[in-house]
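Student: This is what each chain is made of:
Number of protein chains: 2
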Amino acid sequence: MAQDNSVVKPTEAELTLLNVLWKMGPATVRQVHDVVSITQKTGYTTVLKILQIMHEKSLVIRDESNRAHVYATANSQTQTQSSLIKDLISKAFGGSTSKLVMRAIDDSTSAQEISDIRQLLNSLEK
Amino acid sequence: MAQDNSVVKPTEAELTLLNVLWKMGPATVRQVHDVVSITQKTGYTTVLKILQIMHEKSLVIRDESNRAHVYATANSQTQTQSSLIKDLISKAFGGSTSKLVMRAIDDSTSAQEISDIRQLLNSLEK
DNA sequence: GACAAAATACGATTACATTCGTATCTTGTC
DNA sequence: GACAAGATACGAATGTAATCGTATTTTGTC
Chain L
39 MAQDNSVVKP
49 TEAELTLLNV
59 LWKMGPATVR
69 QVHDVVSITQ
79 KTGYTTVLKI
89 LQIMHEKSLV
99 IRDESNRAHV
109 YATANSQTQT
119 QSSLIKDLIS
129 KAFGGSTSKL
139 VMRAIDDSTS
149 AQEISDIRQL
159 LNSLEK
Chain C
39 MAQDNSVVKP
49 TEAELTLLNV
59 LWKMGPATVR
69 QVHDVVSITQ
79 KTGYTTVLKI
89 LQIMHEKSLV
99 IRDESNRAHV
109 YATANSQTQT
119 QSSLIKDLIS
129 KAFGGSTSKL
139 VMRAIDDSTS
149 AQEISDIRQL
159 LNSLEK
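Order-wise, the sequence lines are chains L and C.
Per my numbering, the first sequence starts with residue 39, numbered consecutively.
Per my numbering, the second sequence starts with residue 39, numbered consecutively.
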């Protein structure tokens, strides 16, 4: 049966907000905006609108029991990351995971990162 | 000095055409369209227009010496793949290459792919 | 219960991606 | 040199993403 492939691919702005929600956990529009504002000049109503759209798309769920609605991610960060990477592998790497890994690692990749990747490979069953 | 970071990120439709050009080498609009038509119902003038836009963006170069212009990719597939993956690593993986590799490999990854990745790691200097 | 603060809802605008119809141009052939 | 085939150029329509101003709603406080 495999995993549910119906995970919608978030847009760039949506991904920015999802990252905040994954990090903070459930949060109000104001809380999300406060965090986003640190690095971007995005207006409050823009964040609100995007969260509303994400709600329509079921990218987030929201708790409306309080005046300030509380938003939470609908899918895990892991699911979403998998979905995004599978998309990229199919569209830019001809479906080859090894080619993607090959490109992902370069001179700027730290020794620590490479060590982590080696450990990951060692831990695989196959 | 590192590599030129000004490589423009192609859109989805653009990437489709780039894939054709990387595979075929320099080609006319008709040749590109013939290939694209096999898998998609895209019109000839649509392919033409996208190639023209890509030319404006310097994603492709073109030879206008013949009536049918000949288009070729401006950047290598390797450069573009690197650019796309760096973008994804920064936007969806908090800048961690190892996390991306972790997500890229899953149950559906073939033994051959994993073997290829192991070899790649072994060949690294660090 | 009126007011102010702070929230959501709504709608319009802007930007960009994608598509394709139609106009125009180029060139080989007769 | 006229014509037809086949090419490019152009512009409009459509769809989606992103942004934000303004209207409306909610609620605590006096």
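The reader is advised that the hints may include incorrect statements.
[Said to hold, decoys possible] DSSO-like, lysine-lysine: derived pairs with alpha carbons at most 27 Å apart:
1) K61/C / K137/C
2) K79/C / K61/L
3) K137/L / K95/L
4) K61/C / K61/L
5) K87/C / K79/L
6) K47/C / K79/C
7) K61/C / K87/C
8) K47/C / K95/L
9) K61/L / K95/C
10) K61/L / K129/C
11) K95/L / K79/L
12) K95/C / K61/C
13) K47/C / K87/C
14) K47/C / K137/C
15) K87/C / K87/L
16) K61/L / K87/C
17) K137/C / K129/L
18) K124/L / K47/L
19) K61/C / K137/L
20) K129/L / K47/L
21) K79/L / K79/C
22) K47/C / K47/L
23) K79/L / K61/C
24) K137/L / K87/C
25) K137/C / K137/L
26) K61/L / K124/L
27) K129/C / K47/C
28) K124/C / K61/L
What the hints contain is simulated information worked out from the structure, not anything from laboratory work.
Student: Taking the hints in turn, state whether each one holds.
Tutor: Results for each hint:
no. : hint            : in the structure
1   : K61/C / K137/C  : violated, 30 Å
2   : K79/C / K61/L   : violated, 42 Å
3   : K137/L / K95/L  : violated, 32 Å
4   : K61/C / K61/L   : violated, 41 Å
5   : K87/C / K79/L   : violated, 34 Å
6   : K47/C / K79/C   : holds, 24 Å
7   : K61/C / K87/C   : holds, 20 Å
8   : K47/C / K95/L   : holds, 26 Å
9   : K61/L / K95/C   : violated, 36 Å
10  : K61/L / K129/C  : holds, 14 Å
11  : K95/L / K79/L   : holds, 25 Å
12  : K95/C / K61/C   : holds, 21 Å
13  : K47/C / K87/C   : holds, 18 Å
14  : K47/C / K137/C  : holds, 22 Å
15  : K87/C / K87/L   : violated, 33 Å
16  : K61/L / K87/C   : violated, 42 Å
17  : K137/C / K129/L : holds, 20 Å
18  : K124/L / K47/L  : holds, 11 Å
19  : K61/C / K137/L  : holds, 16 Å
20  : K129/L / K47/L  : holds, 14 Å
21  : K79/L / K79/C   : violated, 41 Å
22  : K47/C / K47/L   : holds, 18 Å
23  : K79/L / K61/C   : violated, 42 Å
24  : K137/L / K87/C  : violated, 30 Å
25  : K137/C / K137/L : holds, 16 Å
26  : K61/L / K124/L  : holds, 23 Å
27  : K129/C / K47/C  : holds, 14 Å
28  : K124/C / K61/L  : holds, 21 Å
The structure shown violates the earlier hints numbered 1, 2, 3, 4, 5, 9, 15, 16, 21, 23, 24.
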